[in-house]
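These protein sequence lines map, in sequence, to chains A and B. Quick note: the first sequence, position 168, residue 175 per this note's numbering, numbers continuous. Quick note: the second sequence, position 354, residue 361 per this note's numbering, numbers continuous.
In short, the hints are calculated from the structure, not lab data. It cannot be assumed that every hint is accurate.
On the chain A side, residues computed to face chain B include the following (Cβ under 8 Å) [said to hold, decoys possible]:
1. D28
2. Q31
3. L54
4. D105
5. V240
6. N262
7. T265
8. L298
9. G357
10. L359
All C-beta atoms, glycine included, are put in the ideal place defined by N, C-alpha and C.
Each chain, letter by letter, is given below.
Protein chains: 2
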Amino acid sequence: MKIESVDFFYLSMPSVLDIGDGSQDALLVRIRAGGLEGWGECEASPLTSIASYVCPMSHSACKPLKYSVEGKALNTVRDIRRISNSIHANSFDLLQADHTLSGIDIALWDLLGKKMGQPVYKLLGYQKAFPKIPYASQLFGGNPEETFKKAKSARMDGFNAIKFGWGVFGRGNIENDIAHLEAAREGAGHDSLLMIDAGTVWENHFNAAKKRLVALKKIRAFWLEEPFGNLSVGAYKNLSASSPKISLAGGEGCNNYTQAKLMIEHAGLSYIQIDAGRIGGITAAMQIADLAAKSGISYVNHTFTSHLALSASLQPFVGKEKDILCEYPIEPKQLAKDITQTKIVPDKNGYLHIPENPGLGISIDKNTIKKYLVELEIKVSGQKIYYTPDI
Amino acid sequence: MKIESVDFFYLSMPSVLDIGDGSQDALLVRIRAGGLEGWGECEASPLTSIASYVCPMSHSACKPLKYSVEGKALNTVRDIRRISNSIHANSFDLLQADHTLSGIDIALWDLLGKKMGQPVYKLLGYQKAFPKIPYASQLFGGNPEETFKKAKSARMDGFNAIKFGWGVFGRGNIENDIAHLEAAREGAGHDSLLMIDAGTVWENHFNAAKKRLVALKKIRAFWLEEPFGNLSVGAYKNLSASSPKISLAGGEGCNNYTQAKLMIEHAGLSYIQIDAGRIGGITAAMQIADLAAKSGISYVNHTFTSHLALSASLQPFVGKEKDILCEYPIEPKQLAKDITQTKIVPDKNGYLHIPENPGLGISIDKNTIKKYLVELEIKVSGQKIYYTPDI
Numbered sequence: 008m009k010i011e012s013v014d015f016f017y018l019s020m021p022s023v024l025d026i027g028d029g030s031q032d033a034l035l036v037r038i039r040a041g042g043l044e045g046w047g048e049c050e051a052s053p054l055t056s057i058a059s060y061v062c063p064m065s066h067s068a069c070k071p072l073k074y075s076v077e078g079k080a081l082n083t084v085r086d087i088r089r090i091s092n093s094i095h096a097n098s099f100d101l102l103q104a105d106h107t108l109s110g111i112d113i114a115l116w117d118l119l120g121k122k123m124g125q126p127v128y129k130l131l132g133y134q135k136a137f138p139k140i141p142y143a144s145q146l147f148g149g150n151p152e153e154t155f156k157k158a159k160s161a162r163m164d165g166f167n168a169i170k171f172g173w174g175v176f177g178r179g180n181i182e183n184d185i186a187h188l189e190a191a192r193e194g195a196g197h198d199s200l201l202m203i204d205a206g207t208v209w210e211n212h213f214n215a216a217k218k219r220l221v222a223l224k225k226i227r228a229f230w231l232e233e234p235f236g237n238l239s240v241g242a243y244k245n246l247s248a249s250s251p252k253i254s255l256a257g258g259e260g261c262n263n264y265t266q267a268k269l270m271i272e273h274a275g276l277s278y279i280q281i282d283a284g285r286i287g288g289i290t291a292a293m294q295i296a297d298l299a300a301k302s303g304i305s306y307v308n309h310t311f312t313s314h315l316a317l318s319a320s321l322q323p324f325v326g327k328e329k330d331i332l333c334e335y336p337i338e339p340k341q342l343a344k345d346i347t348q349t350k351i352v353p354d355k356n357g358y359l360h361i362p363e364n365p366g367l368g369i370s371i372d373k374n375t376i377k378k379y380l381v382e383l384e385i386k387v388s389g390q391k392i393y394y395t396p397d398i
Numbered sequence: 008m009k010i011e012s013v014d015f016f017y018l019s020m021p022s023v024l025d026i027g028d029g030s031q032d033a034l035l036v037r038i039r040a041g042g043l044e045g046w047g048e049c050e051a052s053p054l055t056s057i058a059s060y061v062c063p064m065s066h067s068a069c070k071p072l073k074y075s076v077e078g079k080a081l082n083t084v085r086d087i088r089r090i091s092n093s094i095h096a097n098s099f100d101l102l103q104a105d106h107t108l109s110g111i112d113i114a115l116w117d118l119l120g121k122k123m124g125q126p127v128y129k130l131l132g133y134q135k136a137f138p139k140i141p142y143a144s145q146l147f148g149g150n151p152e153e154t155f156k157k158a159k160s161a162r163m164d165g166f167n168a169i170k171f172g173w174g175v176f177g178r179g180n181i182e183n184d185i186a187h188l189e190a191a192r193e194g195a196g197h198d199s200l201l202m203i204d205a206g207t208v209w210e211n212h213f214n215a216a217k218k219r220l221v222a223l224k225k226i227r228a229f230w231l232e233e234p235f236g237n238l239s240v241g242a243y244k245n246l247s248a249s250s251p252k253i254s255l256a257g258g259e260g261c262n263n264y265t266q267a268k269l270m271i272e273h274a275g276l277s278y279i280q281i282d283a284g285r286i287g288g289i290t291a292a293m294q295i296a297d298l299a300a301k302s303g304i305s306y307v308n309h310t311f312t313s314h315l316a317l318s319a320s321l322q323p324f325v326g327k328e329k330d331i332l333c334e335y336p337i338e339p340k341q342l343a344k345d346i347t348q349t350k351i352v353p354d355k356n357g358y359l360h361i362p363e364n365p366g367l368g369i370s371i372d373k374n375t376i377k378k379y380l381v382e383l384e385i386k387v388s389g390q391k392i393y394y395t396p397d398i
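Excised from the complex, chain A in its bound form (with noise of 0.2 Å):
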């Protein structure tokens, strides 16, 4: 079959607010072709993805991604890394590609799936999925009283393991951040896993992420989420040697196979966290998979957002029984949860299972794209290059 149609949807809730909840907008892709369609999202700005998918042509590496995609072939796994190689040669000077392409190789995969009658991971050449441990994956309270509760709350949802990131934390003295990450530990149980995110807050700035190792410790954190930038290695790897010893995870920043290799190879880490979203979709994150397995290394999903990310974002890596942890967004917003007919719950002993359906094994909401829809319009010359396609 040929690619017949890459649509974009612009999904938003009514208000957006300035905090770290990448789930308050999305962007979902589309694709059609043998009378099938595939579904995909891009962690990312949706209206610059959708510029970048129908720009004009800058020069030959700098072309739009609409070039690689519309009217080509799509009938095994080959035609995906085919496609996926072409967008990285014809468009590496268009700096937002990989968060475009992200999307549209998700909605490849899931359309390749429905076609073949297959889940996914069994296309990537997994004969299994593995259930995995989700944690709930929450911003930190306000103070520490709220993520005390937060944590609690999380417990008695039956999590096993729970995260905590961004807010607050690493912002203001030591002894504030303290005060969070005893009353998240308090909240949370001795018995749980307990992860602490630090969202990049301390940029490249060894010192201020060493400072907080002594109270991560105390409170048995399970690892040390972004302390710092997208590969700013150099910061990572004298955390990492660092005393008391944290584990470290990192990598949502990545956007492609190269930057997660170098974050694999040289920042000292033992979790390395892949966003399908990002990184240039599932093509991608499998190469990674492979490639932090063959290095010692856990994957771990990084999702914030809906099921269908999830869903996306888990087949990578479902087939590794080594990697046991899954991110699981506990409190994202309303239209995350409308996007998707199916939800991926977790079974009563809290393990998640992924959907065992053809592709991603998930059904879109069309009444909530509706609902939730921006409409866009984007004119060059004169002339429509863009609008908000009919669902």
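Chain A is fixed; fit chain B onto it per the hints.
Quick look at chain B alone, frame taken from chain A:
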């Protein structure tokens, strides 16, 4: 003074060809404050970059660039650094941000230089601008005969250093590459510096590059540039240690300081090549020039477009006496030539001097801008959030 307006102008040749020539379109940035205006240029997809400037906020780390610029104070060099840091903090999940920041940052330096009556390099802390040896930068010919003629012509025009890149090189069989290399050397004469730019053609395939080393040595290539994709540091490092030894150059694909630092520290480069229009502007480029000097690596500008971009890319290292080479595009499209009334041309001894007038020392030709202007309009939810401003 306060930043009053930030305007983007998308210029284009009437037709854009599928070749590795980035001078076929341009994105200019004009910033006004205190009755003055500064100009910058992004080496980036115009529509996508503009979209990143005006897009609605997605979350706290994915804000449009305008959030960090409009209405901000601009009185000292520290104010420019503050704006640059602020964009990184507010927009680090907006992938296109660094490309857009580049033109903004350049315009801010131009504006501040005009206000203080100083060329930008003096604001950067340099006492003196050193003349540079410009290398004539051009694409390979379509066949060896054409490459020969282009080399000869550049030599006749007085250039003692000549670079060929992109085009067919590395895309066909090795015999064809050798024929081009030998033609280039023959045309350039035996006493010139001859650089070869592979334009990332071998992606990360070490062996494809290694196979060409003997031929490169034979023609005494001064350096081999960008054999691999941005950040493919392992392949670079291996090639740098291979025999016969050829100096490696790279870095134009980097879009921030952190990436350039990785290339400097891990890729085995002899030359780091930075485009101020991509790296985040003059602020980031200056940081990299300092790091390169400390690391014993030569800094070279990457410039393939207008003399506005050329001046911006020269400022960060013009005060470093040891970095003697600079890239000088000799076949830009008419658009790139027409953008500036000021032309930066080599003196009779073949040396290039940076303009000594305040700011970037470049006068923009406003009639040109009108002539090449591409009208853009972006609507979100029925509201125009961007349209091409008046000049």
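Right, here's what the structure says about each hint:
1. Taking 8 Å as the C-beta contact cut-off toward chain B, the hint placing A/D28 at the interface holds, the least distance being around 6 Å.
2. Taking 8 Å as the C-beta contact cut-off toward chain B, the hint placing A/Q31 at the interface holds, the least distance being around 6 Å.
3. Restraint check, A/L54 versus chain B: the minimum CB separation of about 4 Å is within 8 Å; hint holds.
4. With its C-beta approaching chain B no nearer than about 7 Å, A/D105 sits inside the 8 Å limit, and its interface hint holds.
5. Evaluation of the A/V240 hint against chain B yields a held restraint, the C-beta minimum of about 7 Å falling below 8 Å.
6. About 6 Å separates the beta-carbon of A/N262 from the nearest beta-carbon of chain B, less than 8 Å, and the hint is met.
7. Taking 8 Å as the C-beta cut-off, the interface hint given for A/T265 holds, the closest approach to chain B being about 5 Å.
8. The interface hint given for A/L298 is violated, since its Cβ lies 12 Å from the closest Cβ of chain B, which is over the 8 Å cut-off.
9. Because the closest C-beta pair between A/G357 and chain B is about 29 Å apart, greater than 8 Å, the hint is violated.
10. Proximity of A/L359 to chain B is violated relative to the hint, the smallest CB-CB distance being about 24 Å (cut-off 8 Å).
Checked against the numbered hints above, the structure breaks hints 8, 9, 10 and satisfies the rest.
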